[in-house]
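Undergrad: Going down the list, the protein sequences come from chains A and B.
For the record, in the first sequence the residue sitting at position 366 is 366 according to the working numbering, with numbers rising by one throughout.
For the record, in the second sequence the residue sitting at position 486 is 486 according to the working numbering, with numbers rising by one throughout.
Note that these hints are calculated values from the structure, not bench results.
Be careful, since some hints might not be right.
[As the list claims (entries may be wrong)] Derived coverage of chain A by chain B (criterion: at least 3 residues anywhere in the stretch with Cβ under 8 Å from a Cβ of chain B; other residues may be distant):
| hint | stretch |
| --- | --- |
| 1 | 162 to 173 |
| 2 | 269 to 281 |
[To be verified] With a straight-line Cα cutoff of 30 Å, these simulated DSSO-like cross-link-like pairs (lysine-lysine) come out:
| hint | chain 1 | residue 1 | chain 2 | residue 2 |
| --- | --- | --- | --- | --- |
| 3 | B | Lys315 | B | Lys110 |
| 4 | B | Lys133 | A | Lys53 |
| 5 | B | Lys195 | B | Lys37 |
| 6 | B | Lys51 | B | Lys30 |
| 7 | B | Lys30 | B | Lys73 |
| 8 | B | Lys30 | B | Lys315 |
| 9 | B | Lys195 | B | Lys294 |
| 10 | B | Lys37 | A | Lys53 |
| 11 | A | Lys53 | B | Lys51 |
[What the hints assert, rightly or not] Between beta-carbon pairs, the in silico distance windows are:
| hint | chain 1 | residue 1 | chain 2 | residue 2 | range |
| --- | --- | --- | --- | --- | --- |
| 12 | A | Phe300 | B | Thr329 | 55 to 63 Å |
| 13 | A | Leu242 | B | Ser33 | 40 to 48 Å |
| 14 | B | Arg118 | A | Asn116 | 34 to 42 Å |
Values in this document were obtained by computation on a predicted structure and should not be read as measured data.
No residue lacks a Cβ here, since even glycine has one placed at the ideal position from N, Cα and C.
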Amino acid sequence: MTGYPAAVGAPPVSAEPVPMPRGRRRTELLMLAFAVLVVALAYAFVGLGLNGKVSPGVLEYCLGFAVLMLLAHLAVRRFAPWADPLMLPLAALLNGLGVVMIYRLQESGRNGNPGNMISTLSASAAVTQLVWTALGVVGFILVLAVIRETRVLQRYTYTLGAAGLALLAIPALLPTSMSSIQGAKVWIIVGGFEIQPGEFAKLALAVFFAGYLVAKRDVLALAGRRFLGIDLPRARDLGPVLIAWGASLLILVFETDIGQSALFFGLFVGMIYIATQRTSWLLIGFLLFLGGAYLASTLFSHVGARFTAWLHPFAAANVFCNPATQTHCVPSYQLVQGLYGMSFGGIFGTGLGHGQPFWTPLAQSDFIITAFGEELGLTGLMAMLLLFGLLVQRGMRAAVAVKDPFAKLLAGGLSFVLALQVFVIVGGVTDLIPLTGITTPFLSQGGSSLIASWALIALLMRVSDAARKPAPQPIQDEGMTQVVRAG
Amino acid sequence: MNRAILRLSLFCLALFVLLLANINWVQAFKAPSLADKPGNIRVFDQQFQYKRGSIVAAGDGGNTQIAESRLAKGGNGTYQRYYPAGPVYAPVTGYDSVYSKTGIEQAENKELSGTDPRLEVHNLISLITGKPKLGATVSLTISPRAQQAAYQALATDGGHQGAVVAIDPSTGAILALVSYPTFNPNAYATLSGTKLNQVSKREESDPTQPLLNRALDATFPPGSSFKIVTSSAAFSTRKVAGPNTPIPAPNTLPIGNGHVLVNDNNEICGNGNPPIIQAFWLSCNTAFGKLGIKLSGAVLRQYADAFGVNNPNLKIPLPVAASVVPTETDPAFTAFTAIGQFDDQVTPLQEAMFSAAIANGGTLMTPHLVQSVQAPDLSMILSATPTPLSHPVTPTVASDVTQMMEQVTENQAGTAFATANPSIAGVQIAGKTGTAQNGVNNTQLDDAVFTCFAPAANPKIAVGVIVKGGGFGAAAAAPIAVKVIQAYLKVK
């Protein structure tokens, strides 16, 4: 392990008393207040934009949100006093803006007609999302309270690995009526509740990969043959990566979910790279992914159709293709509407409540980014992407700073998968890469994603707490040791 | 492991940079072109929320509004398109309906709707100062006098289908562009989808094809008016020295397979070897058929092209159908081509261009409709500069052809003497009639064609007229051209 920043290296040897690093909880509180203020203003502006008057219930909504965030802050003070002060405010701001946008879409109704609800959006969608936020914060507090040290998790490496795989596999095994929403077979639907187990599997598998790789990294880093200047791993060590690849392909086949499979495979390859520092693993992973994607696009019509929609979104045949009567058909209507929305917003945006994001199907979930692009403009959307970028950067920073290899791998992996998830969905809805329906962390409507995202932040904060916690002061020093001489 | 984490962080940074670059591309750079896509419901909804720019006809020096936006009655702040003169300017303005646009409304949509990049600075200022967004005003070269006269003349011509195009020969500015029968664009300006569907169903199923812009999108055989091109080719290639050079004009011209070409009504052409100028004013088919064979199909095609034929890319800025004159190799077909029959097909605009090129001393100016575009703050963002399209003939040849065209109306035996002579028209008109045979074995009535310019000595206007099934060109088409010229030049 090389390359520690000087700040966290060995403490300087000096006679001066070591300055106590500050927890910066007050900074966190201040920024949290700012985040809540931004959310409150956004909420008020939605009402002004839609009806010319401040949204009703602005006080109740914002007070509720503020109390939740305050609870989270107090929990951090109690359970992780040394954690990074930026993560919680960032998560709060993103979560709050998501609720505001869902409220805005719920209020404008289907096709901009408030009396006519969007079929996928209930009249109380914003309240529901606020309830999910509460559950997310509860989860956040629980994770911080229960997992006081990352080492606790390491003990459950294989248990969590099995749990993660099981969570992934359940939707594939369930009948379609209990697992499929709009063609994506990634749900568990029980008694009106919809859970997306993949969101939690992501966390469990990250823990599993971290535990597994910490144990095996020496073997995996062993060089085999050298080829084109790259040290290839030994053939027998390829097993785990092939298994991960196979598992992600299986998700793709049985759950028709390219996004999730890319996410899992990316997570694994990223973590194996952190563990071994071998570029060859990245290369192998990348080639396997490309091969798998190519294979999938030729073997499965729905994957190939996504490529077609990506390359020619505006072709009439793609915009209005009908999956009910045509094979090889993924309509690009939604994608096109999202792009229209973003271009309609232009550089400065239409302002909250002044745009028409309701034309884009599922603007409250997969396509929520385009709704923000439309109403907050290029400037607002860039700021939001930077919020995500900062969150990733803070996570990576914690990974670099922490000493424990398991925590290091876990934080690196979780930060990476967050970045990957944002890239896959934002890149998808802006036609940078083929569109695959995964949630936008913190923003999208839905409980599973929100709770899992809060748990992810809790884990990152746990790691950063460990990283920033000052080393325990020695109780004795040499000078006080008395030498007892035998008389 | 830290080195790997740092590298992975850089990779994440790259991912975010890609995302940022891409949304810049979508929201800043591609936004104008996305706004123009027909399926863009947002822009579509917005288009009635602000005042679209007006279209004005400025060809007479005034500013006659021919399309404007007005607040719809009871539409709380939505605007509706209004065309004060309705069908008169329909082939020019086109319509602006909820679902589609045609004509200038479509071709100049960016300017009229204010999405043109040249208007962006102005829009930004409006945005900051809180002023409502406005579209730019598009000024056309159309002369209301000429346009009205042309429309009236066609509409009172016994219900024949036809088209008139008038051009200022020295600039290429289009002064009149009329197609008849036509539609009323006000019917398309309705904000009701059901009403619009009824209107478009009615217009599309009308057998008289009111939506067809005959001036630009329909082609007709030019008939004898093509003899202008044949003569130009003959003078330019020195196969005929001048207007008074005699050319053979047999009573019948054998063209192979036992077929013969004859003159109209089997008339005799002068003394059988008349000067070309006489063959021209009499419009002898045998003389020009024989001349065409002598010139060859390739040369005829070459000069036709120089006059603007066979050009599928002409935009004024409305797209213009290509006029067609093929390269004939067979002498029989070449003879027919030389007298504007058989495969020759030209638009009414092309008819006007034949005369305009001769009138402008052999230089054909690019025909255009848009004179200028003014931003809402009245600053000029576009002003048309006349540009030559081609130089089909030299000034000498142009003056020779002019001399012949003058005789068509001035010589008592000229084909248009009865309808377009100087004492009737009040101005000296140089022109050429055409009577194109139509249908299988000429079962249908002939198409009447007249192309001309005036005043002959100092041309200000060139006119092309085609009246479908109008019969003899001089009788049906020439009077319409005379009325347009008189209105434009304020004669009588």
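Undergrad: I'd like to know which numbered hints this structure contradicts. Please list them from smallest to largest.
TA: 1, 7, 9 and 10
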